[in-house]
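Enquirer: Residues 47 to 571, numbered by the working numbering, are exactly what the sequence shown covers, in order.
No lab work stands behind these hints: they were computed from the structure.
Beta carbons are placed, not taken as given, at the ideal position from N, Cα and C, and that holds for glycine.
It cannot be assumed that every hint is accurate.
[Stated by the list, open to error] Calculated pairs, PhoX-like style, for lysine-lysine (alpha carbon to alpha carbon, straight line, at most 25 Å):
{"id": "1", "residue 1": "K409", "residue 2": "K308"}
{"id": "2", "residue 1": "K419", "residue 2": "K409"}
{"id": "3", "residue 1": "K308", "residue 2": "K419"}
{"id": "4", "residue 1": "K436", "residue 2": "K419"}
[To be verified] Quick list of the computed label-pair ranges, beta carbon to beta carbon:
{"id": "5", "residue 1": "A441", "residue 2": "R187", "range": "50 to 58 Å"}
{"id": "6", "residue 1": "E433", "residue 2": "Q287", "range": "35 to 43 Å"}
{"id": "7", "residue 1": "E453", "residue 2": "R117", "range": "27 to 35 Å"}
{"id": "8", "residue 1": "D348", "residue 2": "R117", "range": "42 to 50 Å"}
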Amino acid sequence: MRRLTPLLGRLALAGLLVSIALGRADAQARSDDEVRQLLRAYREQHEASILREFTEFLALRNLASDSATIRQNAYAIVAMLAKRGIESRLLESPGSPPAVWGELTISPTARTVILYAHYDGQPVDTARWVTQPWRPTLRSRALFDGGKEIPLPRDGERIDPEARIYARSASDDKAPIVAVLSALDALRAAHIQPSVNLKLFLDGEEEAGSSHMAAMLTAHKDLLASDGWLFLDGPVHQSRQAQIVYGVRGDMGLNLTVYGSKRPLHSGHYGNWAPNPIAMLVHLLASMRDASGHITIAGYYDNVRPLSDAERRAFASVPPVEQQLKAELGLAEAEGGDGALAERLALPAFNMSGIAGGGVGAKGSNTIVSEAKAFVDLRLVPDQQPEGVKRLIEAHLERMGYHVVHEAPDSLTRRRFSRIVNVEWGDGYAAVRVSPDHPFARAVTHGLEAALGHSVIQVPTLGGSLPLAPFEAVLHPPLVVLPMANHDNNQHAENENLRVQNMWDAIEMFGGLIVHLGREWTAHP
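Please build the complete structure, drawing on both the sequences and the hints.
Expert: See the structure below:
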């Protein structure tokens, strides 16, 4: 563990604490609306500098698989924290990339909240990007609306909030880091005291599967003691309204390979006689889910936790967006029929994400291939466990008449068994969900509503997955997700982007919550 806070950072911290102390009485006397106005006024005066810091951060390559550039990002974050007087360290475990830890203590008697975000990014296919993924580009609108490249604003200039910044990790997940730091800048400028002690945990391995997370949390368990975690990741609701999320689905990857003859065969000479791996694989996949998305593997739903009354009430707060999305995505019908999107996302999912065998189009040929492959993305819900799901799926494959192996079969195995499937499991983690009635969840919900001045959408389960499971298993804190990105941000894909208004909204949301959370926690124990 390496302490990285320089003398300048310690002096800035002293100044921050002095300014907080001087402004404490005034801050406590301010109304919720005044806090919002002060946060907004600061942002309006500093739009150019906020976007400049954001784009400089986005210009750092951050492929999760590239340890050298990941470390450069970590050092850049340390410098960003030191600029605000926030004590910081790099946290590591054997073989892991660094996580950046920061701490801002307001009072020894205040509750402590840890804010999580990650700074690593997904791989890129640069040929599919309109501009280079690590050359942040500001556009007047979204690309699909004909947005044109425009220059960054100069100091003192305002910008159209519908403009978008295009770069890898613009939405997933560097934006929350800059939004939180800008919110702290705004509070400091207004002499407004946070109501909770803050720690930051900025992850450098989320997009690589977080395989070292449990070991890292165990190694630094004392440093990461808190009363609750806020995970700042994911998109706001499709209606562009703020949402609080009480849980996430787990995730597992599964590669399947089935085999035919040892070499490709002419389909005219051997069709109807030699086994066809593509046909075998299609039938095998179809045996595991039906056309509506229901998983037909025996026992698959046995361990699914039923929704509580509080969770059902939370679903009632989610506005319908299904017709909007059908029009936006060009869909005549949803897979689940008339089911609400939010409720469908609370179910386990068996997503067929890729299938490969012979060629198509210009590459098509009259061939029976020797093998066919599929990748399946499994989304888990509470209380499904990865090991239990593995057993259920492999038992199903065996019931379908397949000999299950976990590496490519040799010639003897291929001669012995008529149906062979090679099952390769990726790393996975379980789902996590806290009750909306948990004191921390209630405090976050009420604090967020006070910060924004209106009610927020409450979602029991986010459709996507976050590695919350090791945090729950090692540290046992309540975990709540607070997204900020636009829903059409293209995360993980080409032309990832962040709508500028989402950054402005997040600064007010995070800043106001930091101010109100402690009060609401006391009011709603």
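Enquirer: Confirm or reject each hint.
Expert: Now the hints, each set against the structure:
Among the hinted pairs, K409 with K308 is consistent with the structure: their alpha-carbon atoms are about 21 Å apart, no more than 25 Å. Using a Cα cut-off of 25 Å, the hinted pair K419 and K409 holds, with the two alpha carbons roughly 17 Å apart. Proposed proximity of K308 and K419 is supported: the alpha carbons are some 15 Å apart, at most 25 Å. Annotation: proposed proximity of K436 to K419 holds, straight-line Cα distance about 18 Å (limit 25 Å).
Checking the proposed 50 to 58 Å range against A441 and R187 shows it holds: the Cβ atoms sit about 51 Å from each other. The hint said 35 to 43 Å for the Cβ distance between E433 and Q287, and at roughly 38 Å that hint holds. Between E453 and R117 the beta carbon distance is about 34 Å. The supplied range of 27 to 35 Å therefore holds. Remark: the range hint 42 to 50 Å for D348 to R117 is upheld by a beta-carbon distance near 44 Å.
Checked against the numbered hints listed earlier, the structure breaks none of them; every hint is satisfied.
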